[in-house]
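Novice: Once you've looked at the hints, go ahead and assemble the two chains, each given alone in its own frame, into the complex.
Protein chains in written order, with my numbering: chain A, 1 to 318; chain B, 1 to 677.
Think of the hints as simulated: they come from the structure by calculation, not from any bench. Using N, Cα and C, we set each Cβ at its ideal position, and we do this for glycine too. One should not assume that every hint holds.
Taking CB as the label site, the calculated pair distances span [as the list claims (entries may be wrong)]:
id, chain 1, residue 1, chain 2, residue 2, range
1, B, S337, A, D211, 53 to 59 Å
2, B, S427, A, I9, 20 to 26 Å
3, B, P454, A, W158, 48 to 54 Å
Covered stretches of chain A, going by a simulated chain B footprint (3 or more residues, C-beta under 8 Å) [claimed, not checked]:
id, region
4, 214-222
5, 228-236
Partial list, derived from the structure: chain A residues whose beta carbon lies under 8 Å from chain B [unchecked claim]:
id, residue
6, G164
7, S210
8, D211
9, R310
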Amino acid sequence: MFFLVIKRILLGLITLFIVSLITFAGVEVLPGDACTTYLERQAFGEALEACYQRLGLNVPAYERYISWAWGVLQWDFGYSLSGEMKINEVLGPKVKNSLVLASASILIGIPIALLLGIVTALWRDRLPDIIISTVTIFSMTIPEFISATLLILIVAIWLEWLPGIVIVPTGATISELLPNIILPVIAISMIMTAHMARMVRSSVIQVMASDYVQMAILKGVPYWKMVFRHVLPNALLPAINVVALTIAWLLGGVVVTEVVFNYPGLGRLVIESISNRDLPVVQALAIILASIYVGINLIADLTTLMLNPRLKSLQIKK
Amino acid sequence: MKTTVQKINNLTIGFQSQKGEQISILKNISTSINQGETVGIVGESGSGKSTLALAMMGYVKHGLFTISGECMFHSNNLLEMKNKELENIRGRKIAMIPQNAGQSLTPNLKIGYQIDEALRLHTDLKQTERDEKISELLNKVRLPSPETMAQRYPHELSGGQQQRVAVAMALAGSPELLLLDEPTTGLDVTTQAHVLELLNFIAKDTGTSMVYVSHDLGAIAQVSDRVIVMYSGEIVLDGPVRSILKNPIHPYTFGLLKSIPKLSLPGLPNSMSGSQPQPGSIKKGCSFFERCEFADDNCKLNSPSLEFIEELNTSVRCFKHNELLNLNKIDSQNIKSIENKILKNEILDLSDVSISYAKQKFLDQLLNKINDTNPTVKDINININKGETLALVGESGSGKSTILKSIAGLLKTKDGNIKFGKDKTLSNDLRQRDPSFLRAIQLIFQNPDESLNPNHTVEEIVSQPLRLYFGLKGQELKDKIIEVLDKVRLGEFYLTRYPRQLSGGEKQRVAVARAFAAKPDIILCDEVTSALDVSVQAAVLNLLQELKEDFGTTYIFVSHDLAVVRAISDRVAVLYQGRLCEIGPSNNVYKFPSHPYTEVLLGAVLEPDPDIKPKLVAEDIVEEKPPENGCSFQGRCPRILGDICKNEVPPWQTGENGNSIRCHIKIEDLKNQQISN
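Chain B with its partners taken away, still in its complex shape (with noise of 0.2 Å):
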């Protein structure tokens, strides 16, 4: 048996509410983590995860206070211990890597001192020793000539940098005991698959135990050699990660893993229904009682305890735990899959179009003349046939988001042109678009925390585009918005609601319901369910299928996620630095040939299964500009042939699967090539 590094003993962890209340976040945790250890906590927002990871480093945020329990590191419970002792231990014995490495890292200070401090506060280290130990340190999170790195500023940096920064950072006290709160959240999948396999080296390497805190069970997958089930605040599942992910034997881990798209299972993935509890509100019974497609009457009445399973070496808080163990076969699940209506007709034809984002001179202002010669998107050409759901995908940077609004008319095209329907040419200019095209165009934002009017309320919120677009009034315009809500199942007590008494989910709800009154031909829809949790991702991905099936709406839809793009659309198109690479029907964009960026992207992919390992064929180098001249991906291809690459930009050819590549190798060739792979 190895040595525990930390042991949580009962910990419960919560806040006083206004009505005087004790409300927990954190119920009762008990666990530990071995030395050498990786330990993976998984759980939606709100499930106290990272609550429990500031936890083990004696850290509450402002307003939570512990109620019952310790946190036990050796001998030392580092919730009652002084800031003199703590400050002794953050840093050197236990380390954090941050969330948003970003906003982690103090703008004002040079990377170096950043790094040095740490070096100075835990290490009997010389000056000169402790250069050499941040080089040293640079290199290992392998970040470029580390001499120069060390004299830049926090934002000077990539956001897969700053996040080697931050790992950097927590080993320079060489830690015992790392704790990462979802570290690789918010970076594009190529940087995420190598960060992880950094860390994965790392722990390897140094021996240390560390514990990953993610919404992700994919990258959980991947590094953990335990995973802990978090869900409103209490411990559901706690084992060995094949044990959990392939043999779930609790009913939310089991939804969660049916919610999550994958690449090798298309179609759209089964959603949970309902939300996590808010704290306080479950009195008696199982918290997952409301959600759980398990439950009986027991459940309901009482609580179960965390029960540990021999021959699974796991434990399971549920009563029904026997049953799920027999009928368990995720690969089984029933995947819906889509079938749009396609009609043969054009909705939207856009033909070389060019954006720029670089600053004009003043003449050039004047004269309403864009000179860039490299511009942020160039010659995108893409024809969408009335009821098709076409995916525009990329990593940040590649331009999707950019299209989408120039198709919104938020911003101008440079060259080329944008038609509706076959003749309509949509205008340049939002303010001499006819207003019928406006209400034919909506968009979905990204995050409807920032899309949605914190002072309106639903009605409000709704009624909008209903006056604007049809100038309804009066009882005819509340009918129509109890109508849209209906439609997003959201029912007619939400009207008075304001977003912020809104889960995220719900919220989500209320912008598609918005952009569906305006009775709109087509629905831009940027990054939709990325701010949300997957079970909730699930379900906005299922409600959007069926009102474009009520409806015959067309989508376009931009994601950076391979397999929610694969679950929802019927064509996908590949963009690298504002260059379409790829185009072609999803399911065989999706097989060999691809264009050697989207292998590399499909190579990154992330599946929740521990034996799927993502293959990284190219480098994470963040490139800012795209090439002047030549294929826009030449710096990084895997593939790349010489000069001709460089030079002259590649010409479309399209395969057998009739899917289109824009690259230089002959398409029978990158087949070949990448099945022997």
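Isolated chain A, as found in the complex (with noise of 0.2 Å):
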């Protein structure tokens, strides 16, 4: 078991090791470079010179590579190209604001999407599973940009409940903050429990209709017992993954959602970067979020390892 957890560590670190090798080498081969694209016309003779000793172009790419990586490894990525601001600066707040974002959704969410999926799966083909399959079954298919916006003019416009963009600044404390997530929140939550309360729902049908279920009913255990002792578990395990990738995704910035509503968040950052060009940003974000999917997947196959004793037993026979 030990074992098996340093393996993972070290697969998921060569992982981020390549996909930092990659990023490095799609910026490197793509034509021209950071100074190029930030002096634009006035990219030539001492001017790019300059920017090339500032930003430490004029060294060979190996070297930057190291130095970079060496940087990375220590919460430094350099300076953004738009200003003269330290990246981590720029990225920090960004973090700390996605984080917010997306710890709002996962509180709400998931408990809810649990909740939707095991009451439409137990009460399957009755009234509440069809009202609420109908139900998820239209937030799923609603496109995200259609769902904000239309919870901005009722919401925001028509009732005048909340405001319906976000106007804080990136530094804004949590408790400004948390007025002014209610309606992303409510926009990824539509999105992310309808698909998390499908799945929850099809496993949970698919358990019931094990022979074990079958035997438990047979023996006489009480319906909720059997349901809390025998069910969910078994139902609940395979869903760990998929939590897991949806809080991946969430922290990586749910992108269309924060360019609707302005939020000033890691999402909003990327697309930013991207149209300006800014490349030591967009670098810095891709191994962030590689990191993160990385880091939040491999604890997601921890938890199902240890809970999952079947697993667990043939860890520990290899």
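Specialist: This is the structure in structure tokens:
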């Protein structure tokens, strides 16, 4: 078990190393470089030289990779092109904002998703299931930019209950943020919850049809006891990985929603830095998002391993 | 007269078809179970036997509903009870032992917890008393070291052990009635015999009534006092076990008994034509009419009712039962003995073949080397002549399917050679094999549900080998497909059918047709009849034999069923833990002297005759790995000599009958010991 954890962590680190190589190489082979992009028409002569000097672009690529990678390991991504600001200073508050949005969506969305999934499965083909399933299918199929726009129209413009777009500064505190994130959280949860609830529903139905659940009924186990002891632990295990992917997706910035609501998070930063060709920031974002995915999936795999006695003992045997 | 535990009155259970019709899958069932009695319910798949057993617990599966009738447990109708009340009966008064214990134990809960749960629900014992009771129950079902066993998860046990846990769980509430739904199907022969013996012991010991549901007349014969035969949702025969199995007065039972291959009667059994009608398809007349060899016009128009025959103490649903009563001698059936034209030239030669499943280290993988001192299959030397049928028998884990896979090229061998004909060595790597060899060796799998692509029509399935090996196209291809299907007795209208629209037997025929379409020299049959009902099994065996006689094909036939093997093979090789124990002409392998393992296997075979009891000579321990040194069977051998068996690989000895045995005991001594038993 211990070796397995170590092995998984090592594999994760190797993945990140490869991602960093690819992003670095990708930026490297693009025509032009950070300075020519930034200086545009003035990209010649002394100005260009000075820029190269300032950004350290006049040394061989592998040296730059090493110094960049070394910096990344110490949470130092160098300077962005657009300003004189250090990238980590730009990133810091955005990461925090995305984290706030993601945590709120997770805290609200996942419990609701589990509940809806379980309810629809246990009342399968009866009224609660029919109603909830219809609603979830609707909210799944409506693209988020439409549901988000509709939310703004109804809640912010017609009813005037909540602000329609987020107009707080990037560095706002959490308490300042909270009233602003209600609408984005609803928009995100609608899609996320629907997907997850469908997944949980089919997983629970599958387990309910299994021989061991029939056996539990024939053993005389009371219904709710059977649900909690025999059904849910087995039905929710496969959901862990889906939950992990969803969390990673949320933390990676829900690009469309952030743009629609003008939310100062990672997703909007991705769009902005790509359209500004701010390559150092793109590079930094790529490595951060990759780390989030790798990290969360690692946690999910290990949790599944811990909770599933079958996998656990298989690993011990090896 | 003993008290009645359960009484079923006019029970009809069915479902609503898409057209809104009510279709019954249990029709007007009336019977009763007395205290202390063991009743066997026998029937083929789809006969409604499991639905009946579940109804006896007041459980009706999702999609089915009770149309009429009642299931009286003492004075309560289980089918009208509320769930709350049922919870107090299920597990406490009536308990179920399921078919597949491996899937019926909740995977995330420990064995001890699952038994404890039953105790908590159905007894008033305190924690410490319950812990004791768990040990006691696990002891009673003869599981080793109960304390550690209780801490295990279901997947950590073998199939036989899981089944024993299910028995222990059912006994936890000390029920009055035990329902057993195919409790030994899927277990190895020796394990099955042991579990049945345990159940017989429990029935005697506790005086519990039992209902034993099975398709296997052999198992039914061993445990039941009374037998109910079901066909197409109806009881067709109900009476004492000897009367039913020795003197069957219903044509279906008669046909069923004739279609079972028996050790005592070598040769191919008679097959029953046709298959069970689909629920709802019979509107009038006897439901067995289509398949009945005794039927007349009366049977076509009128449905017989269940009639009680006083002198036999038996109820029968047949107009013609008197005819059967007089005729009836199962033993005098016409058995077709097989005669294969075996040519002297070798078609396949396995020399020193070893196969390993061990996970290889990275370096070995790079160098394409297999490093394993104790491989799963070792030292297999077999020659197969053209036109012969060689059977490989053994319990699960004996390596018989593994050997087939290696011959087919699906699994690499570690050592040794597989030669095709006299001199052509088959490459270890499927991709490097010559296409003509690929064509020459075809496989038929155990389960046609999984081996036929569900999205292909029969035409597409059979056309594949024809296009691949012979490049046929257009009308020529179509004609050939029809010709091949005709060989397996499937008409032209099957061309557009999908596998899901076929019955089990028909699916297996399509699989046979696909194999024969390649015009192979060798067909590898991997448990081809074990997923089929007995009447269908006989038909498939007969078909395989006919095709063989037409084409002169060589078969390698893998099976765990010694009676089936006896029926179809010329020569038998017995395997234990991937090592050969005995090989010889099938007539002689089944006679003494035999290898001690063959003796154990033969002793555990269940004949459909209550007067032939299995002989249990060895424990049914499951060994995970073959022993490093000495004889492969040392761990379970009832005739073990001592250190010599543990240290030295036994030599081959050939007896007077021509069968070779690998044992340290002198072959003459072995014969004397076995005959005197």
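Novice: Could you run down the list of hints and mark each one as holding or not?
Specialist: Taking the hints in turn, this is what the structure says about them:
1. B:S337 / A:D211: 53 to 59 Å: Between B:S337 and A:D211, where Cβ atoms are some 42 Å apart, the hint is violated.
2. B:S427 / A:I9: 20 to 26 Å: 41 Å Cβ-Cβ, so the 20 to 26 Å window is violated.
3. B:P454 / A:W158: 48 to 54 Å: Distance hint for B:P454, A:W158 holds at roughly 52 Å.
4. 214-222: holds (count 9)
5. 228-236: Answer holds; 4 residues pass the 8 Å Cβ test.
6. G164: 47 Å, violated
7. S210: OK, holds: A:S210 within 8 Å of chain B, min 7 Å.
8. D211: 4 Å, holds
9. R310: 5 Å, holds
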